[in-house]
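Student: Now for the letters of each chain:
There are 2 protein chains.
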Amino acid sequence: MAISVVGHANPDTDSVTSAIALATLLNAQGQEATACMQIAAADLNPESTTVLNRFGLAAPEMLSDAAGKEIALVDFSDIAQGPANLDSADVVAVVDHHKIGDITTNNPILFRAEPVGCTGTVLNKMFKEAGVAIPKDVAGGMLAAILSDTVNFKSPTCTEDDKAAVADLKAVAGVEDTEELFMEMLKAKSAVDGVPAKDLLFRDYKDFDMKGNKVGVGQLELATLDQVADIREALIGAMEEVKADGRHTVLLMLTDVVKEGTDLVVLSDDPALIEKAFDTKLDGKSMWIPGMMSRKKQTVPNLQTAFGC
Amino acid sequence: MAISVVGHANPDTDSVTSAIALATLLNAQGQEATACMQIAAADLNPESTTVLNRFGLAAPEMLSDAAGKEIALVDFSDIAQGPANLDSADVVAVVDHHKIGDITTNNPILFRAEPVGCTGTVLNKMFKEAGVAIPKDVAGGMLAAILSDTVNFKSPTCTEDDKAAVADLKAVAGVEDTEELFMEMLKAKSAVDGVPAKDLLFRDYKDFDMKGNKVGVGQLELATLDQVADIREALIGAMEEVKADGRHTVLLMLTDVVKEGTDLVVLSDDPALIEKAFDTKLDGKSMWIPGMMSRKKQTVPNLQTAFGC
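Which chain is which? The protein sequence lines are A and B, in order. Everything in the first sequence is counted per my numbering, starting at 1 for the first residue and increasing by one. Everything in the second sequence is counted per my numbering, starting at 1 for the first residue and increasing by one.
A couple of the hints might just be wrong.
No copy labels: a pair is met if it fits in one copy or bridges any two.
Stated by the list, open to error - In the DMTMM-like style, the derived pairs of lysine to aspartate or glutamate whose C-alpha atoms are separated by at most 20 Å in a straight line are:
hint	residue 1	residue 2
1	Lys-170	Asp-269
2	Lys-211	Asp-90
3	Lys-163	Asp-279
4	Lys-128	Asp-161
These are computed hints drawn from the structure, not numbers from a lab.
Model the full structure from these sequences, guided by the hints.
Tutor: Below you can see the structure in the form of structure tokens.
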């Protein structure tokens, strides 16, 4: 049986290109493996579509049900972020750079997570250690993922390992100017014109369980907050709809990549708890948090502390 | 704060020497770290004591409570096999070769598990990748751990990676004859004369949760089953005592390392389930299972399937 390599729900560029990269590595090592994702190609976010087009990579196959399959996880290890029936599937490998989730297995497997900025950085090491050359198109995708996840090295999640991987991968991919690649992705990802508010909220959105409370956190990376000024109320409307579906809190991080800070929009059953989490007072429905760039490294740990996880 | 590197409860040689090895690697990388174990040095099993003495290694410090500490786990990732209050400690790294357990974290960490025969094999790779030379005494401990865990390469858990690591480590440790080292360990570990039955049962013993049922599995590796002929009833008595403490099943694997098979002693609320698990009929309180050498790769997966985990 071929291994289905799949990233988390609402895939970002790392999740998509890491599925391609790990499937490529497994194939090179003689294992049948197919890159997958939990959505159809038409539903990929604009940044990921731009990256796949630029490097001539095919979109991963859609996989929505893991029942009876051999599954490799990339870029996550939380059951809730996987395809349906993941808990009854045979998980054969995990490669990630997030906190350790609740996946368990009945047998020993490869589980490789490192505290670096991007799963692509871990995969670059794995190719090197295995002595397998990375194909040019795959290297391009991995390069783009690292620039995206580390916000062009500006995110606090960025490590020396990520910078070293970029140096490796740009040579293999034949990309001379990574600034130009990053700006092309940022332009694609931050385009909001004509996109429904709910689609924007779900562009990069994850649900978390915080001591029994369901908490959703979306993030929009923007070149400037002006881009969303006219649709702010529509975004809040979309958040209200999502919150009404059994959530304690829904947050939307409007992250200004140039100013390096986040306008955090808050809908919560307990706004004081959120104020405490970020040590900042709400101004209406939102708070400006200088330096906040990373959901994973900044927003979620602060929430977990506040919720007592 | 120094990181406490600790292996599982009832430590075996891999658990002890891997704590020493990872602490050494972390120190070499500029992180304060101390090798620990969950017992006092006097309670180490005879094989581990022999290995530490032979290579001139100090026994790890005793650590029984993880509260408020930074902890690195070696050779396990199940909370139940850790020190007290592990679930409230700050787990900063995991290196293992078992099935993926239920440890989760709030932050990204290094989690490196591989489906190989020994944690020492994974650590050997990590030293190489980091470009850190392994001290001679530490290499000796890692070498002994791989020979022990793979039963001198005979266990089905043994991989090419383990053999490659042994080739690396015997050179660093200055051990010419690994057969001789293995027999020295086997002689130490299988000595039963004058040892109380309960101590023998607990020499290498682990509890597992099987769908809400507590199941204990001990293993004694022997040069011949004759070694335990006279103390068989005493061992069953010790098992009965342990089973009476809320366990559904207690198994003792009497593994004949030379004949390559296990005499499995069974005390269970549901003996038919255990017969089904191993597709073998009980002969009195035990069954002979040819080829069974590994609790992790053979006994536990078969039990999990039978219990419907």
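Student: If a hint holds in the structure, say so; if it doesn't, say that too.
Tutor: Right, here's what the structure says about each hint:
1. In the homo-oligomer, the alpha carbons of Lys-170 and Asp-269 never lie at most 20 Å apart, since the shortest distance is 46 Å inside one protomer and 61 Å across protomers.
2. When the C-alpha separation of Lys-211 and Asp-90 is checked against a cutoff of 20 Å, the pair qualifies only between copies, where the shortest distance is 18 Å, while the shortest distance within a copy is 28 Å.
3. Taking the shortest Cα distances, Lys-163 and Asp-279 never come within 20 Å of each other, neither inside one copy (31 Å) nor across copies (54 Å).
4. Both within a single protomer and between protomers do Lys-128 and Asp-161 lie at most 20 Å apart by alpha-carbon distance, with minima of 13 Å and 16 Å respectively.
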